[in-house]
Amino acid sequence: MSRTSPQIPLGQNLPMHSIQHEATSRACVFAVCFCFLFSIAPHFANLPGWVSTIVVITLGWRGLQNLGKIRELPKWMLIPLVLFGGIGVFAEYWTIVGRDAGLALLTVMTSFKFLESKRQRDMLILVFLCYFLIATHFLYSQSVFTAAMMFVNLIVITATLITLNQRDDSVSLWERVRGSSKLVGLSVPLMLILFVLVPRVPGPLWGLQSEQRGGVTGLSNHMSPGKISNLIRSNEVAFRVDFKDQVPAQNRLYWRGPVMAQYDGYTWTQIPRKPLNRLNITVSEPAIDYTVTLEPNGEQWLLALDMPIRVIKGSFMTRDFQLTSKQKVNDLRRYSMQSRLDYRIGLDESPDYLEIARSYPDEYNPRTIAFGKSLAQRFENTLDIGNEVLKMFRQQEYVYTLSPPALGLNSVDEFLFGTRRGFCEHYAGAFALIMRSAGVPARIVTGYQGGEYNRVGNYLIVRQSDAHAWTEIWIEGHGWVRVDPTSAVSPTRIEQGLDDALAEEGSAFRIQNRNPIFGNLLYSWDNMQHSWNDWVLNYDQRKQRDFLNKLQIGIESWSDMVFALVFLLLAVTALYWFIAWYRERPARPQLYERLFDRLLQKLSKRGFHKEPAEDTRTFLERLPHRNFAQRKQIAGIIELYNHIKYGRRGASTRALGNLRTMIDSID
Amino acid sequence: MPSVALPKPVRRFIDNWFESHNPPSRDSILLHNRRLYILPTRFGYLFAIMLLFLFLAAINYQNSMAFVLTFMLTSLGIISLWHTHKNLLGVTIRMQIPRPVFCGESCEFKFEINHHNNARRYAIGIQYLDQPPVYVKLEPEGSVQAKLKIPTHRRGEFHPAGITVFTRYPTGLFHAWGWLKFDLPVLIYPRPTAQVKLQQSMIEQYDGQTSTSTIEGDDFAGLREHREGESLRHISWKAYAQGKGLLTKTFQGQARPSLWIDWEQMGQATTEEKLSFMTALVLAAEREEQKYGLRLPGLVLEQDFGNAHKHNCLQELAVFRQPEANREFRIEQD
Chain A
0 MSRTSPQIPL
10 GQNLPMHSIQ
20 HEATSRACVF
30 AVCFCFLFSI
40 APHFANLPGW
50 VSTIVVITLG
60 WRGLQNLGKI
70 RELPKWMLIP
80 LVLFGGIGVF
90 AEYWTIVGRD
100 AGLALLTVMT
110 SFKFLESKRQ
120 RDMLILVFLC
130 YFLIATHFLY
140 SQSVFTAAMM
150 FVNLIVITAT
160 LITLNQRDDS
170 VSLWERVRGS
180 SKLVGLSVPL
190 MLILFVLVPR
200 VPGPLWGLQS
210 EQRGGVTGLS
220 NHMSPGKISN
230 LIRSNEVAFR
240 VDFKDQVPAQ
250 NRLYWRGPVM
260 AQYDGYTWTQ
270 IPRKPLNRLN
280 ITVSEPAIDY
290 TVTLEPNGEQ
300 WLLALDMPIR
310 VIKGSFMTRD
320 FQLTSKQKVN
330 DLRRYSMQSR
340 LDYRIGLDES
350 PDYLEIARSY
360 PDEYNPRTIA
370 FGKSLAQRFE
380 NTLDIGNEVL
390 KMFRQQEYVY
400 TLSPPALGLN
410 SVDEFLFGTR
420 RGFCEHYAGA
430 FALIMRSAGV
440 PARIVTGYQG
450 GEYNRVGNYL
460 IVRQSDAHAW
470 TEIWIEGHGW
480 VRVDPTSAVS
490 PTRIEQGLDD
500 ALAEEGSAFR
510 IQNRNPIFGN
520 LLYSWDNMQH
530 SWNDWVLNYD
540 QRKQRDFLNK
550 LQIGIESWSD
560 MVFALVFLLL
570 AVTALYWFIA
580 WYRERPARPQ
590 LYERLFDRLL
600 QKLSKRGFHK
610 EPAEDTRTFL
620 ERLPHRNFAQ
630 RKQIAGIIEL
640 YNHIKYGRRG
650 ASTRALGNLR
660 TMIDSID
Chain B
0 MPSVALPKPV
10 RRFIDNWFES
20 HNPPSRDSIL
30 LHNRRLYILP
40 TRFGYLFAIM
50 LLFLFLAAIN
60 YQNSMAFVLT
70 FMLTSLGIIS
80 LWHTHKNLLG
90 VTIRMQIPRP
100 VFCGESCEFK
110 FEINHHNNAR
120 RYAIGIQYLD
130 QPPVYVKLEP
140 EGSVQAKLKI
150 PTHRRGEFHP
160 AGITVFTRYP
170 TGLFHAWGWL
180 KFDLPVLIYP
190 RPTAQVKLQQ
200 SMIEQYDGQT
210 STSTIEGDDF
220 AGLREHREGE
230 SLRHISWKAY
240 AQGKGLLTKT
250 FQGQARPSLW
260 IDWEQMGQAT
270 TEEKLSFMTA
280 LVLAAEREEQ
290 KYGLRLPGLV
300 LEQDFGNAHK
310 HNCLQELAVF
320 RQPEANREFR
330 IEQD
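Here the protein sequences come in this chain order: A and B. First residue of the first sequence: 0, per numbering that gives the first Met the number 0; consecutive thereafter. First residue of the second sequence: 0, per numbering that gives the first Met the number 0; consecutive thereafter.
Simulated from the structure, these hints should not be mistaken for lab results. All figures in this text were calculated on a predicted structure; none of them were measured in a lab. Among the clues, some could well be false.
[Said to hold, decoys possible] Among the chain A residues that face chain B by a calculated CB cut under 10 angstroms, a handful are:
id, residue
1, Pro188
2, Val328
3, Asp330
Ideal Cβ positions, reconstructed from N, Cα and C, are used throughout, including at glycine.
Produce the entire structure from the sequences given, and follow the hints as far as they go.
Below, the structure written as structure tokens:
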């Protein structure tokens, strides 16, 4: 036994860690299981089936174990399980990093962690993993819905965290959810302050894994008319456009995408991308300014109105005038663009490119090639050749349809002289081949045509169903000239859009056609998504600076932002603190008690102190009888006070009024 | 807490600082701002690291919603810091005067925890060092009792230091605590040696000429005022029924042999063993309702018996050669 110092080193005695080793209650285990299931459920679509199965089985196992129905898994079993999980993920993706494989690995390991989790510490770690899982949702979608789900998720996970720390299983579920919603709700204003004011750093900080992302797209890097007999019919939004001034006419809205100049007799492909050195463009009309908010397409395409005359940061223009991003467009991208609708390009096109644009393999489509050659003999002028073909499309029985019959090896021959049914790709492909065989340089341009005007938000919606293909032919002295053979077959496709062109096929991609009754409502909904994209998803360094400048409250530099941030955070928390203090403050003493306290203060000034534990009547006894003028009045006050406090009638307004008058009369 | 090796002067400075800001109380402790401390828990730090990762990922992927989530969780942390602190602020703790125990038994501390706020407070824990804590919940303007059992290892006056009232509610990211330092020591009697018999050598026979009135004896001698600690068996209930108060019957005659529990007679043993043995003798004598006295070096307690006498004897045994109040806490030299 040692002598101990008289000082008590309190600081050394902070017993913070034994608490984490406590066992958790049954309710807590269920809560954490539910919490994990809730945060992983939206991922079931993104995970391989066996991973989802593991989640369900392990949670079920843990649940039954919690009920005492089955035994706990021996600890050594975890090692083979974890190995199995790791190898399984690797076999599935051939990697364990990256978005999909990483998510699968995280899910599998978290599931197995459940099997050995018993203590408070394990449970807290699992809850943290659930918080982390929310972040992975945003790698797949950043829509308004996903964001709303984030809040629901946060409430569920925080409620679990509260359950773990509440140490009281008698608290109702509702009470927990309420407590959690309160925490989450109080966090929202702080989050908004942080979101607006935390200085944004341009990313990325380290190299990103290039992964194929993005959903359905109506475009492709190659085009094989006749291979797929059904075009993707999707009304998903490809991009939205805010025009600075008026929206140009529908038939002038050609959104330039991948350009294909290489042809192997069946498939059109892009030539290797080489940047254009100098954009030589002759124009007559004023330029059009607009901003594109491009949904992720998983490719390097940046769509722009034909013909873009500006190159944005991180992109370049290929020598066939395709605006190309240096990185894949895996996230929403917003860019300001300028285009000329009336233009002349490629007047000085290089001979080797023209050579590519004239070449075609001889062995396929002999009838088409012969037809092209015959046209070259009949007409001298290049434009006349083109017009002859368009006239043929217009006058003969060619049909515009989204479900044409599939075609064989000599696809153009079969289409031109046989089926005569097709959509833009068929017409553009056939036209380009005819032109090439007539010795005219021609190429395919794909992209989107048209768009739907949102009258609520005053912008243009371009959908995947607006995907289109047209051709460009090169004419000496004119450069590359756009020819859209589809317009010859189905002028409505170009003038009014796909829906009208396909009225017979009952297609309805556009809001106005799909739902005329709730049109405005749906336009508003789309407008909200557009604003969401604009304000939330695109809130980057530039947007932040613009927004703060617009507020005109003098936040200009980095340090201003930090100062405002700290100030606002403190102000909001101080406000919270005040409201909580006010709402939870101790109840005020009754009025008669406060009045009586006033009397006691008056008396104590004269040297008569009432002890806290002393009865009022005993105190009265103590007061001197002699030389004390107001003793009688004081006796009356004490009598009335006791009457109010203990009497059956209680504190009536009249009695309180009397008490006040009597006490005020004492000096 | 894994002891962080702080330089001694720093350590001492911190200890002094805490010491001067947490004066012991005889009555009740109100947890106000200066008595309440808050630090992140291990999970708080883990949470912060997770936030940092999320933030870097958000920058890297330029993912706006990841920013929203990061900031949301940061705000949740700030709010829970405040809530955890608020959960203890304004709570008053009163400790009942603890009853003495024998060394080796656990002594029971009873706390009354109350507050006057219109709020519900969950998971308020009271903990002694790293013993398992006791949790209570406070209803609005409510009051609850909590019992904490602390094992005892040494005799003497026990000033428990290191009892904390703490909370981690609602999120467990922060640990708010206040020290419950009351100036109400527990007396810890020496651990009694098991199985002792009163030995003849300790008993001094009086040679028959007992003339004093005692409550032991054969012939009834009269009534005198009841003294605290005397057995209820000797109270004259008849007199009590007549409204004369509590009177003890005394008898004349041969008194029972009385004994001395004497330090010198304990033979060869360590101090602690001697004290344990003497404690056991006090208990045995009390059980057999014999008069006994205590002789310690430099101290003699005259022969008597009863609860008060027993307590006096045990107290002297407890604090014997205990130069300082025995303050129990964990330090390296233990």
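Each hint, compared with the structure:
1. Taken as an interface hint, Pro188 (chain A) checks out: its beta carbon lies about 8 angstroms from the nearest beta carbon of chain B, inside 10 angstroms.
2. The beta carbon of Val328 (chain A) is not positioned within 10 angstroms of any beta carbon in chain B (closest approach about 12 angstroms), and the interface hint is therefore violated.
3. Interface hint status for Asp330 (chain A): upheld, as the beta-carbon distance to the closest one in chain B is roughly 6 angstroms, under 10 angstroms.
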